[in-house]
Amino acid sequence: MITSTLQINGQQVSHQLPDETLLVELLREHQSLTGTHVGCDTTQCGACTVEVDGKILKSCTLLVAQIDGSQITTIEGLSSNGHLHPVQEAFKECHALQCGFCTPGMIMAISHFLKDKPQELNDEIIIKALEGNICRCTGYVNIIKAFKTAALKMYPDLQMLTEA
Amino acid sequence: MIGQSILRFEDDRLITGLGQYTDDIKIEGQTYAYFIRSEHAHAKINSIYTQDALSSPDVLAVLTAEDYLNQGYQGIQHVPNPADAVDSSRPSFSIAKNPQYFVNLHLPLAHRVVRHVGETVVMVIAKTVLAAKNAAEMVVIDYEVLDAVVKADDALGEAAPQLWPQVARNVCHEETFGDLERVEEKLRQAAHVIERRFINSRIVNAQMEPRSAIGLYDEHQDSLTLISGSQGVNKQKQCLLEALKLRDDQVRVICPDVGGGFGPRTMLYPEQLAVAWAALRLKKPIKWRGERSECFVSDYQGRDQIIHSTIGFDHNGKIVAVKNTWLANIGAHSVSFVPPSNGMRIMTTVYDIPQACVNIKLVYTNTVPTGPYRGAGRPESHHVMERMLDIAADQLHIDRIKIREINLIRKDQLPYRSPMGLTYDSGDFVANMQQTLQMALWSDFPKRKQESISRGKLRGIGLANYVEAPVGAPIERICLSLKDNGHLEFITGTQSQGQGHETTFRQVIHHYLGFALEDIIFRSGDTQFVTKGGGTHSDRSMRIVGTLIQNASEELIARGKSIMAFIHRVESKEVQWMNYRFEITKLGLSMTFFEMSKALNSSEIDLQTLKTELNIESPLLQVIADFKGRIPAHPTGCAVCELEIDPQTGEVQLLNYTSVDDVGQVINPLIVDGQMHGGLAQGLGQALSEGYYFDSQSGQVLSGSFMDYGVPRAGRIPPLRIKFSEDPTLLNPLRIKGGGESGITPATACVFNALANAMNSNRRDEIPMPATSSVVWTYLQTIKETHE
Amino acid sequence: MLQNEENAKIIAGGMTLIPTMKQRLASPSALIDLSSISLLHQIQVQGDAIEIGSLCTHHQVSADASVQAHLPTLAKLASMIADPQVRYKGTIGGSLANNDPAADYPAALLGLGGIVKTNAREIDADDFFQGMFSTALNSDEIILSIRLPLGKKSSYLKFRHPSSGYALCGVWMTRSESFKRVAITGVYPCVRRWLEAEDLLLQSSTAPNFESTPIEIEDILSTHDSSAHYKAQLMRVLCARAANELTP
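Chains as they are written, first to last, in this note's numbering: chain X, 74 to 237; chain C, 57 to 844; chain Y, 165 to 412.
Since the hints were derived computationally from the structure, they do not count as laboratory data. Errors might be hidden in some of the hints.
One-sided excerpt, in silico: chain C residues whose CB lies under 7 Å from chain Y [said to hold, decoys possible]:
#1 Q704
#2 T705
#3 Y749
#4 Q753
#5 Q756
#6 M763
#7 G766
#8 W833
#9 L836
Don't be surprised by glycine CBs; every beta carbon is placed ideally from N, CA and C.
My request is simple: use the sequences and hints to build the entire structure.
Right under this line is the structure:
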């Protein structure tokens, strides 16, 4: 058993858990934060993506034991004061989700990427940024649109090589 | 509101992580089921030793098929034979005429024999998942491995292992549709006869939410509940209660948010039945949380059809007859015969073909059972027809577009009855193709090809015309009910798995009744109030439910008129419905539904008398609208794909994709676009990267995870030029044809036409599907070899 | 702890170990996490070499200013491993210790003739990789850092498996004065140098094509979706393209 203390979405939480507990298990089973999803077991689909100490990681492949004391942000913690994050807004405006299962992971990956103003943004860069996230419903077309839309919301003077 | 890109109601919860998928639901005291699955494709089960597992910590039960059968239950009756596309009162396949026909009841756990890798054998129930997995390791199963067969053609062989003793040569059913004699006569007389064999590859559904299920049993109510994502609660309930021999009032099925459907989630699964049974038996909540590796060997799979096509042409390139044979690999259990049924009906697609026939064999193999997967037989038929036209064009020395122009059904030929019995009521096939060609800059292709060649690349362009005949369950029910607070409750038997029903149906309701979108309560996915329904698949939902909404709205309005007439003591005919208000012009009175609801709830109206007069027992402003039968529709269009091949590596790069799609009236353009993109990605996935491979000797699955199975990632879809056209249908009030499958239906066809064009390979055997870089490179070497 | 507990394992990023544990193919009795040792996260240029701490993540290596300035090919290689999320956690030490036949770093180490520094000794790249998932490391040995020579022009080209993203064929080519190395990953059970290709580079001053360079095709790890001949072809093509890049 281990004792884990984490800050999750701004809240300090402490748990006593079996050694092999994965972060995604802590979130879903012990914190009732079910927005982070498990979509595969080979660390590929990205539905479990969360932010840990300023990095995006796949919470299905992270032992709680590895990240004691860390700061975690999940999809539930992305909006602030009832205001949606620009990436969340863009997803809705661009119809970048259908069944919604991959969506939290996608939004976390994209919002992380856009944390700092990118030097440039184009389809190639976006496609590379999304390499760790699989979607079966949308064909990614609108996800790429939402990426650009969110970028322009956040950085209106951003130079884009292709139109949103 | 119709035709507007209204943003989705469902999004607010989904983008904030507040969606409720099955595994998100936590039941107090829930225990966990873990399935031990067969690692053999075909084996006898000699014994299952469970003692050690049973005494393992925190284990509550270790169950086998014997336990299930000993309680007198039976397997799932899937009713694999679908209702006919034209006359839904009869089945597609004339199984009654076939004395050999055998359909197995699908048990929740394998009994005495395992017939596919991944088949459930033992269910361990424990307090935690970990405890269940630990206990599972202590179960010892003594298998006697048998020979396995995974391909449908191999399964027909003399020496092939037999899956079911009742079934000779693994052929569950065989039937010929169309007039074989006349077709053969036409082929004999034909100036040219083209033949080709096509293997349409097996597909893994790969919806992002792994299947899960929760079983609950309430002892006091003697009521069993299954909570599980699916494509419709009613069919799930029906299959469940038959298997467990329960009454209708004893079973409730709930479908929460669903993370993707695409077809295979329409049918009930052994795991869902197992979990429900375990809940009933142990009187405890049982949760099964499926894992992706399980999905790869148990989610019903798609396609896997071997089609041999023979087409006869006259001197001018006009088709005189089509004769196909179709081997449908149904897998280890008879779950669904939808794909060959659909494939048969649509086999002549958009072309004017006087005679056609197809011999279909439904074949058992030691593979995961197959069923409908987006398009369900129609993409397969289109792949064959469109490839055959390119092949014929090459052999007959006719231009590929010209040969299509010669054969396309013209608008003046509508309504057109195809030799397979479909009647196309609408669709401007010629104009759609012409427009697509223009948009795709088809005539300038040779220049672009030269440019590619100068960079050392091959370049190809391919076209595919398509028409669909969506079918699906022939029953449906909706309920519109005005609530006391003036809101309108809408209950539907369809089930969204991402199609945006919470938004689009609201748009349609607003269109007919004027309710603000926020004042409409949307309910689905619970048999407690969804008393009848067909679920969502086969492009059916808007077409059927849209029609039902129109019907129900008409009745609701008629009732409203009677009610207003009653209140103001006038004749019904003096009440008008205008601008979403009831008006009695001569009295200068008007009333909205909201106001009417208030009036009905005040004590001022004698409701009893009103009900007697109107002869209504139910709430006054509640209408249930039922549908049974078929509402035919024929979405149609054309697609062009352009690509480059790097001959050094075989890598295929899609350059652009153009299509004109006639989905009928578009309710919400944003959503229809999204459906098109998703279907296209799946089609391109099958064409280029989604390969499900077996070891041919043992039947072992080699593509068991996303590491091996190439689901498309971002960037798969090249630049798109899509245009929606409409040649209106009059067959339903909203002119709906359906947009869910427009993206996928022509996709593999036009990609493979482009590949064959790039490699100039129409005289050779087909390029294997999927055309991965390795496959393409290897294929190019065989071309080189024959030239050397 | 490694010496005393038979089933203890070092966990670096966990990007390989944890999935293996989830599949119940590995059940270590204890995991030793060295991530608090700051030395293991450092990247330092020392004269004509760069020293990279074994726990440096792929992200770190790809984004590091010194790596980008002095060994940009390595930064490029690191940026092509897996995906953004995995790159934030996977480490160079973990990758090398695991020695997956399709991993990228082994090609860099072998292609540059680098050195693996452990708590016990220094191991030359040529001695480090011994077989499929097998290295020269002893059971209680820990990689502390990797030392790579600078000033040698190199190129890394990778043809990715469309599903897993691993190298179906990865070629690290170094072409610098008299130092010519061609390291191939993804093709054989273990990373190896293509000596015949190196000979060709030594003999020629232009960008050769490798169309008729001998390949040990029997050794190639073929799979159900990639034949040995295909992998051999990729080797030839990527080497030709790398040589092109490296020839002025």
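Quick rundown of the hints versus the structure:
| no. | hint | verdict |
| --- | --- | --- |
| 1 | Q704 | 5 Å, holds |
| 2 | T705 | 6 Å, holds |
| 3 | Y749 | 5 Å, holds |
| 4 | Q753 | 12 Å, violated |
| 5 | Q756 | 10 Å, violated |
| 6 | M763 | 4 Å, holds |
| 7 | G766 | 4 Å, holds |
| 8 | W833 | 6 Å, holds |
| 9 | L836 | 10 Å, violated |
Hint violations for this structure: numbers 4, 5 and 9, all remaining hints satisfied.
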